[in-house]
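Enquirer: Here is how the chains run, residue by residue.
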Amino acid sequence: MFDVLFERGLDGRPYGLYLLSGLGWTLVLAFFGWWIAFSIGIVVGVGRTASNKIVSIASRLYVEVFRNIPLLVQMFLWFFVLPELLPSAVGSWIKQMPPPWGAFIPALVCLALYTAARIAEQVRAGIEALPRGQSEASAALGLAPSQAYRFVIVPQAMRLIVPSLTSEVMGIYKNTSVAMTIGVLELTAESRQISEMTFQTFAAFGSATLIYLSLALCAYQLMTYIDDKVRIPGTEVIKRKRSFSDVVAGAKAPAP
Amino acid sequence: MSELDFTVVLRAWPYLLSGLQFSLALTAAAFAVGMVLGTTFALIQHLEVPVLSRLVRIYITLIRSIPLILVLFWFFFLVPTVLGYLTSGGRPIPIGPTYTAFITFGLFEAAYYSEIIRVGLRSVNKGQFEACQALALSSFDTYRSVIMPQVLKVASPIILSQTIILFQDTSLVYVLSLTDLVGAASKMAQLNGRLVEMYLTVAVIYLAICSAASQCVAVLRKRNELPRVVRQ
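Line by line, the protein sequences give chains A and B. Reminder that position 242 of the first sequence reads as 242 in the numbering used here, one-by-one numbering, no gaps. With the second sequence counted from 1, adding 256 to any position gets you the numbering used here.
If we strip away everything but chain A, and leave its shape as in the complex, we get (with noise of 0.2 Å):
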């Protein structure tokens, strides 16, 4: 049923090549994504607790406007409209990058700023899961808020929120697939453009699927290895084991 992978194409490449290509973007946009979406994510959440006013509700904006516009207009609007808006020698310079760099960087800066609002949301979370007596410890240790941040409250958040972002590592190679639309030769449009070609749309899709499940698959295995490496002692008990497909579901622990 895969024989048509070792077919060759128009350029002479087997098809299974295509698809290697596309995966290799895929994950490249992933990763990338992920670290910058990541960074930003932890600034932002953090932002969302801090007791500064205007802080607070320039990261609340940050999370509403990316949050609520679709991925896919916002890879329009890093695409088409960024450039027209910039002055025109920086609009051009943009518009002359070569390919696949002049698609590439957009939807990586588009999914990287969508992925960390919804990080942003994950960190406030853990931020405030946290108990009060931590930052009251900080403070009546002499620790600055700064301070109390960085060395006492982040970390634990973080430690805490790992499952949770395991539905986000989840997500963000999955939306990588939207970069199609801009014209960025991922997995997703490897696949089609092979489908098109030779009309084996069975094994094209099939292989695309089963590729993306593996992936699944991995950032399972992995964010379960982090979970367990960093887990907080003591926490065990109100966290019950999740499944694969737990997880892929997205499915939270019952509500009490």
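Take the hints with a grain of salt, since some may be wrong.
Stated by the list, open to error - Cut-off 27 Å, straight-line C-alpha distance, at most; resulting in silico cross-link-like pairs (DSSO-like, lysine-lysine):
1. Lys-382(B) / Lys-478(B)
2. Lys-53(A) / Lys-478(B)
3. Lys-382(B) / Lys-409(B)
4. Lys-443(B) / Lys-95(A)
5. Lys-478(B) / Lys-409(B)
Source of the hints: derived by calculation from the structure; they are not laboratory data.
Please build the complex by placing chain B on the supplied structure of chain A, with the hints as guidance.
Expert: Just chain B, lined up with the frame of chain A:
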């Protein structure tokens, strides 16, 4: 940087509205189908129906591990074939992208709503089931009049959040070249060359609708006094 001219948006407004109407219709239909099917899936798993509950589990895991665009492509290709097998003995029936979108979103969202309801079912106190048994209610009556109302109440903020995500996701029918809000804007932009104004307007429309709906989520959550179950 060229001058922005938002009068083009005014002229394209009726067309944009018809696109928005399609987006909303798709959201409503997917919500209805998704909730009905999703509740069925959740109950099948909750009642641990043999074989069926495993199949449902596999379906949900599979659907949720792959990107929506790929699911759209799958259904775009599979639905006519399957319908063909069911009716005209093997000849694929072309049903067009509109129906494909409706079918896909309904089946796709069922996987998401089903999880929300399944978690809700688990949160119902065991005493509720025992009390129903003590009152000799049938299984059907137990779920219909006692359990489900509680589940729906507890889960309502999460269901609404999911529906906001669904509304945003309907924009992906762009890949099937349908005329939803984004599709309408992009077709207009191709005609009048006013990409910037078109896409900015679309972004603002989505932002307004989704922010308003998020406020409702907050209100619902407060009313339920659910402890932070953020799902967006």
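Enquirer: Against this structure, judge whether each hint is valid.
Expert: Going through the hints against the structure:
no. : hint                    : in the structure
1   : Lys-382(B) / Lys-478(B) : 25 Å, holds
2   : Lys-53(A) / Lys-478(B)  : 23 Å, holds
3   : Lys-382(B) / Lys-409(B) : 17 Å, holds
4   : Lys-443(B) / Lys-95(A)  : 21 Å, holds
5   : Lys-478(B) / Lys-409(B) : 12 Å, holds
Of the numbered hints listed earlier, not one is contradicted by the structure.
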